[in-house]
Amino acid sequence: MTSTSPKTAPQPTAPPHTTPAWEDLVTAALLGTERRMPPVPLRSVRSPAAALLDAAAVSTVRRRAALRPALAGERPAPAPADPRPPLPAAARHRLSLLLADRGGTGDGSRRGAAPDLTELLPQWLTAAQEYGYRAPGALLPALLDAARARTDLRPAALALAGPRALWLARLNDDWAFALRGTTGPAAVPGTEDPEGVRRLWEEGLFAERVTLLTALRRRDPAAGLALLGTTWATERAEDRLMFLDALREGLSAADEPFLEQALSDRSRNVRATAAELLSALPGSALAARMAERAHAHVGLGRTSGPVITVEAPQECDAGMQRDGVAPKPPSGRGQGAWWLSQLLEAAPLDAWRDRFDGRTPAEIIALPVADNWRTELHDAWCRAAVRQRDADWARALLGAPATADRATEVAPPGSSRDLAKLLSVLPEDERALWVAEFIAAHGLSDAFRMLGVCAVPWAEPLGRSVVDALDIARDAGSYPWSFSGVMGLAERCLDPAAADRLDMLTAVTDEPEGASPGSGGYWSEAFQRLVGTLRLRATMHAELTGPADTADGTGNGTGAAAPAAS
Amino acid sequence: MAPDDASRKAGGKLAAPGPWSETGADGGAVWGQCKGSGKKPYQAVIDVTGPAFKCSCPSRKFPCKHALGLLLLWAGDPGEVPAGEPPQWAGEWLAGRRERAERAAGAAAGGSAAARTPADPEAARRRAERRLQRIDAGATELEQRLEDLLRTGLTAAEGAGYSAWDETAARMVDAQAPGLASRVRELGSVVASGANWPARMLEECALLHLLDQGFLGRERLPAALAATVRSRVGLTTDAADVLAGPDAVTVRDRWLVLAQEDSDDGKLTSRRIFLRGERTGRMALHLSFGGAGRPLDLALPPGLVLDADLAYYPGARPLRAALGERHAPAAPGPVPPGCGIDAALAAYGDALRDDPWLDSWPVVLADVTPVPPRDGAGWQLADADGESALPLDPRASGRTGLWQLAAISGGAPITVFGECGHRGFLPLTAWDPTPVSL
Chain A
1 MTSTSPKTAP QPTAPPHTTP AWEDLVTAAL LGTERRMPPV PLRSVRSPAA
51 ALLDAAAVST VRRRAALRPA LAGERPAPAP ADPRPPLPAA ARHRLSLLLA
101 DRGGTGDGSR RGAAPDLTEL LPQWLTAAQE YGYRAPGALL PALLDAARAR
151 TDLRPAALAL AGPRALWLAR LNDDWAFALR GTTGPAAVPG TEDPEGVRRL
201 WEEGLFAERV TLLTALRRRD PAAGLALLGT TWATERAEDR LMFLDALREG
251 LSAADEPFLE QALSDRSRNV RATAAELLSA LPGSALAARM AERAHAHVGL
301 GRTSGPVITV EAPQECDAGM QRDGVAPKPP SGRGQGAWWL SQLLEAAPLD
351 AWRDRFDGRT PAEIIALPVA DNWRTELHDA WCRAAVRQRD ADWARALLGA
401 PATADRATEV APPGSSRDLA KLLSVLPEDE RALWVAEFIA AHGLSDAFRM
451 LGVCAVPWAE PLGRSVVDAL DIARDAGSYP WSFSGVMGLA ERCLDPAAAD
501 RLDMLTAVTD EPEGASPGSG GYWSEAFQRL VGTLRLRATM HAELTGPADT
551 ADGTGNGTGA AAPAAS
Chain B
1001 MAPDDASRKA GGKLAAPGPW SETGADGGAV WGQCKGSGKK PYQAVIDVTG
1051 PAFKCSCPSR KFPCKHALGL LLLWAGDPGE VPAGEPPQWA GEWLAGRRER
1101 AERAAGAAAG GSAAARTPAD PEAARRRAER RLQRIDAGAT ELEQRLEDLL
1151 RTGLTAAEGA GYSAWDETAA RMVDAQAPGL ASRVRELGSV VASGANWPAR
1201 MLEECALLHL LDQGFLGRER LPAALAATVR SRVGLTTDAA DVLAGPDAVT
1251 VRDRWLVLAQ EDSDDGKLTS RRIFLRGERT GRMALHLSFG GAGRPLDLAL
1301 PPGLVLDADL AYYPGARPLR AALGERHAPA APGPVPPGCG IDAALAAYGD
1351 ALRDDPWLDS WPVVLADVTP VPPRDGAGWQ LADADGESAL PLDPRASGRT
1401 GLWQLAAISG GAPITVFGEC GHRGFLPLTA WDPTPVSL
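Residue numbers (our numbering), protein chains in the order written: chain A, 1 to 566; chain B, 1001 to 1438.
Just chain B, same shape as in the assembly (with noise of 0.2 Å):
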């Protein structure tokens, strides 16, 4: 939940009571006061249903250290912050927020869509046709562009390395499909990807090629598979109008949370939360995003239970959703129910017969060993009985994660949940029976 990693270590150095005064928790939120280099101390509350933070402190980082701190202390010892009705500067706060949530809960299902039309529909009908036109073009250039490489064939684009490919990928964000122009970059880096590159470049610009002709013949598509194309080049649905569009369509289940994975890329942090429904046994994926200073705007650690309503994203095999109205609070989860290799693999390949561009799918696997690495081949998952074994993604090896996991099993059978894909399976979470994040 941490911002970085300077900042986790500074709350964990204040999760300790010295420093705090006056604090007290309630159902939903917890404050203190943290004593700091100044004379007044700093004033943190948590409304832990959100979770939100604030903290009189000057600190950008968000949460900054007295927030996580005090959440850590609360977390670790609950004896150390008694109950109690929260002070004046902590109860503002606390009740601003709750009265907003009420608000903005009873919007959303009073079908709040209408009120956020823009003002004008025609001018942003005319915009979107201007969008899908500048893309239009981008997709045919880029076409060409690959009919070229392929033409003059693909020893010629060993020499030309990421320059090239960083061009067209600077012709796609002018055209405004964002999604083209990563694919593009990500063409720079498969030249250097070691052996075997020709065939791995040659899949990539054959799935891009796929998503441009894709695009360009959309109005022949069926509408699901339309919208995966339209997301996969870029173009966006507001979480709000899925939520809430006149498409939508929420679906209330317990959601035990199976992951919860941050990266960062120097400009934005984006966190990916996947989740189960117990009842309809759906996975979905929950995408934040947080630019420098600006918070990710959820946190499930991995093991919770939420009774909450999902949305999916439109597309033919919808993953990505968004979170609606929560019934309960999140509360701990069991070990989930997996299945085998075979399975997943299974899973992966009846996912790629909606949306072809499926580099993985999430899975749970249950009573897996991971093997180490012998004849050059490297890590494996295999089932505790039978033959069947998937390789880890080289990405996994070398990190910390694959230790642990190593760690957990001993040798023994585990529960494992990851993305299983055509690189292999890329571990996120295994249980000791407590989640651990790989």
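So here's chain A without its partners, still in its complex pose (with noise of 0.2 Å):
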């Protein structure tokens, strides 16, 4: 529509008008009507704004009364198809509940009885992803930001997520990690595809092209040895030494060719490195290096009995550098002693045997080391026992559990020995037993790091034996918060069957003398908490055994099941 109205000098009459433009309307009021006469008809009786006021009210409301629709935009492709099947109603309910308690409810303290659910998503992420099942498309906003937030989470979250998570993070840039790959074999090309693999490789950004590598590796060895081989002249220092990292990823003996000329790369960090994974494999070249010069240093002699003599290095030559060994101690340690360790941990254990006239591991350790050598020795060979994972090293080094002098014998003063560590190298059950023996006779003081590489949920007698020495400390009367790191553990680890027999531990004691005041009531309430979380991850996985959600997505459901209370 067009306005014929004057658009410069006020005039104290307008023709009249019955439809003013919207746009004049506006002018006259931003301008006021002292400067700008509105282009409506005057009523004798009223003001020029009320005038203006009038006009306005009448176009603002047919304008909204007669809103047109807008052209509809491009429609998004559809989501692909996501066959699994839907979560059951319950699991889906739970997962809403641990995802909406995300963040932490701020009292962060291990105080109180309900169960910390923050704890429990990663668990129910692992869980669910046995069945196979499709997250419901309203929690997939919440997942993805959970997997943003966590990277621990990522693997689980995104796969339960599917295809249709993928979809929606393209729409929105807080979700591009979903994109980017990092997350599992799916986004990387596949063997059919080595043109795709090649062009990833020459083109993509450096975490792309580590996580190209680390999942060629473990699909096909020597095709991302071969890959890296490609390029590997031309690339810079830091991702020569993050490529050769991944290398760690189902390392052979066909790598040593490779790793063996690394040994003279221009940075010293990717040459220590590819001495470290050298000396991983026993039967290569630089191992059986290493075994000569550790040897000679390292003997039997023979005063009343066997005793192993030990002399420390006098130089550290060359080839020792080329091997790997740091010349230069840190702060506080001698020369002799650093070359040694270094010696020791890269030499094959398997050695070891002849060198001792065909001892066992367990023999040798019991054998007495000249000159206070034994904590050295003893320590490198745990390192030793890491690094090429064996485990009847590790089982002799670690010894028995109970053995009254333990915690004196195994982490003697000055010793820098890793047990958490020599501990993984057990296979799962022999560990959780070695861990159960050493809580019942040590106590929990100890105990967290150990407990960490026990699989979960713990076996039995761990959990017992766990269950019993914080039973023990509460009888002593400490605050449970001493224990809260093992508490925290137990929560997530234990067997859930264990809560009937945690139950009455609930009830509050009688506090022993001299106890801490009202430590009592803090046992009593953490075993609830301990207790409630127990059943709740039981609950929490018999949810995920339970009906279909037949309502959700399948379209036959009768309609709405029962709405979750918000």
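If you are wondering where the hints come from, they were derived from the structure by calculation, not from laboratory data. Treat the hints with caution; some may be incorrect.
Claimed, not checked - Some chain A residues close to chain B (C-beta under 7 Å, calculated; not the full set):
| no. | residue |
| --- | --- |
| 1 | 53 |
| 2 | 60 |
| 3 | 168 |
| 4 | 226 |
Said to hold, decoys possible - Lysine to aspartate or glutamate pairs mimicking EDC-like chemistry, simulated, CA-CA at most 20 Å apart:
| no. | chain 1 | residue 1 | chain 2 | residue 2 |
| --- | --- | --- | --- | --- |
| 5 | B | 1040 | B | 1022 |
| 6 | B | 1040 | A | 503 |
| 7 | B | 1040 | A | 525 |
| 8 | A | 421 | A | 249 |
| 9 | A | 421 | A | 446 |
| 10 | B | 1267 | B | 1186 |
What the hints assert, rightly or not - If you want the ones that stay clear, here's a sample from chain A, every Cβ over 10 Å from chain B, calculated:
| no. | residue |
| --- | --- |
| 11 | 34 |
| 12 | 126 |
| 13 | 132 |
| 14 | 137 |
| 15 | 154 |
| 16 | 155 |
| 17 | 233 |
| 18 | 265 |
| 19 | 358 |
| 20 | 359 |
| 21 | 471 |
| 22 | 472 |
In this text the structure is predicted, and so the values were computed from the model without any measurement. Glycine included, each C-beta is placed from N, C-alpha and C at the ideal position.
Hints in hand, dock the two standalone chains.
Structure follows, in structure tokens:
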């Protein structure tokens, strides 16, 4: 519509309009009726301002009542179909509760009797993975947010979220991480696509290339090595280091020539990593060279009986340095001991049997060591056992967990021994048994990291010994938060079947003499939380096997199931 | 249903069998004892027909985490809560509630309006008269303010900021016209609302002017429109009068809960529940308010169907309604039928003819696809067939609900309930096919 109203100076009478243009009304309002006579009919009793408001009101309501639809934009391509079955109703509800509790409730302290849901989300996601369910659409944004905040959740969360989450992530930059392909072999071109592999390797971002190499090594170690070989000479030193590290995946004797060559690399870090990888291959030439050097300094002497004699190396020659021995010790360590420990760590453990007249690892450990070298020697062997994944030596070095002098024996003063790492070399059931006996004999104070390497849920008798130890700690009258780390682990790792046995511990007991004031109540609360969490975990697992939520997505349900309370 | 996020989380934690003992349920109630930090467990009872809650804990939250946890436990796995007779501590309260409910139902049916009539009707009439005079004075003053603004021009208002409008809003509160006051307060934020604010400012001023004029000329308006004007100015009608007053008309239908939405401005919690009658097809809006520590009296998750009497508040375009007698417990309902984009806009336009102050009208859209932003345009909902689309209300952008909407759709047409108005479409519920609050 066009207006013929004058747009310059105010006039005493405007021509009669029935439909003044809205833009003209806005202009008049902006400038003020003092300066711009509104393009509206004036009634004698009304001020121009009131007349303008009248006309604007009519125009506003008229335009709102006649709103026309917008032209539809291009419809998005539909998300790929996800044929997996929907979550059971109860499990769907549980997931929404766990996701709602993300971010924590603020009372982060380990107090109170209620379970800590934040720590249960990873467990729920891991458990759900076994069933191959598909996540409900309404929870995808929260799942993606959770995965964005916690990288450890990403693989499981994205697996559950499925193709629709990737479809959704393309619409929101916040979720770009889901598309970056750091999440699994799905995003990496397969062996059937050598051209795609090559292109990604040559043009991809650094993180994409590392992912590609790691994935390829997992599938076909030789192909991964070959791929790395194509560009090795032109990579930057930091990148060479990371790529070399990726060779840990699927490391075998076939990699030796390449690694041997890397021992002459320009970068010291690359050389050291190559040497470390080679020493994990007991059959490698480097391992043989290290064995020769180590055996030259450690041998069997005889005074009143057999004794291990140790003589520190006098120099760190070029050959040693090329094989990864760092010449400069950290402050506070003697040069000789430092060089020796590196030789021992890289020398194949198998070779000591011949060196010590056919003795078993346990017998070798039991031999006396001359001149206070015992701790240094055994520490280095511990690291070698971890690096070479040698269970026999790990077992021998760990010894019997319950020996009376274990605490001093296993971790003598001045030792840098990492028992948790050593334990991780043992088979799972043996590991759990060892830790159980250790706790039974020595209590919980040193057990936290050892428990961390045990398989979940804890096998018996490990669970029982943790519970017993907690019970003993309560009787000793200390506060439960002295054991909050172990308590938290127990909530996540104890077998839910232990809940019934724990029930009796939730009662508030009389505090023992000399106990910290109020500790009885706090222990009762802590045990309640433990029992509650275990029951919740059992419920969570049961829910995942519950009846399928037929109303979700299949379209043949009767309609709305019982809606979730909000 | 939780009073706040913290309570919901705390309740979620208690929704496990661990701390509970002596739990039980019968047809209309759930009860249980929850082990807390003290020696004596807390006793929680829920009347699920209300729902109403009682708990022996000292929490001032309502419902407290124990009641929420118990409810979630019961809802999550009814097997955890055996059926039985309520123990004494639960039974007394439940019996009291049921007795009161029966009495109230009897009273409502028996025309209680007379019983609630103030002791001195003459004094009440004089009070109402004085209030109308005050509002008249306020509306006249506001008219003057608006005319001054238009005379000097909106550019002059740009520099004035919020304070000038806040002051006028305070004058309207003094004039006992809270409806005018809140509209005036909105004006203050329009100036800062970005590009094209003068047009929005003129729209809001014009509608406010229309309301002033309507109120000052209420004697000459049709009764229904006069009622709309009165309620928009802030003269409220008691829910009891709506249900049982001399002009009360109740509508019995099977009402499907389309959405339940809570908002909290710091002092006041308000809850909007949208309903639609299966037989009549009429939309209804139930409002409830709770102050600090005061519970909202009604909770109806979307998807339930309620066989009940509703009574609409008077007005030219009735929407707000009071809930009267319920004839059956709420039960799960179907995915509602809906309309297309053109019909949704037509419904809003039609409603505006009766009530020009409506910003939006509730509609169920069927077979619409969320279309992601492209070329500067925002999100849209588009008909599955045809070229019509509705832009989403800017208030929807950035909310999790928007992404839930997109995720539920996955590029395919879905059913969405929301408010369709001049700012676009504000989605409130989507069906997956279970209803999901957005």
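Structure-based check of each hint:
| no. | hint | verdict |
| --- | --- | --- |
| 1 | 53 | 4 Å, holds |
| 2 | 60 | 5 Å, holds |
| 3 | 168 | 5 Å, holds |
| 4 | 226 | 40 Å, violated |
| 5 | B:1040 <-> B:1022 | 13 Å, holds |
| 6 | B:1040 <-> A:503 | 17 Å, holds |
| 7 | B:1040 <-> A:525 | 13 Å, holds |
| 8 | A:421 <-> A:249 | 18 Å, holds |
| 9 | A:421 <-> A:446 | 14 Å, holds |
| 10 | B:1267 <-> B:1186 | 18 Å, holds |
| 11 | 34 | 5 Å, violated |
| 12 | 126 | 19 Å, holds |
| 13 | 132 | 19 Å, holds |
| 14 | 137 | 4 Å, violated |
| 15 | 154 | 18 Å, holds |
| 16 | 155 | 20 Å, holds |
| 17 | 233 | 45 Å, holds |
| 18 | 265 | 48 Å, holds |
| 19 | 358 | 57 Å, holds |
| 20 | 359 | 54 Å, holds |
| 21 | 471 | 18 Å, holds |
| 22 | 472 | 23 Å, holds |
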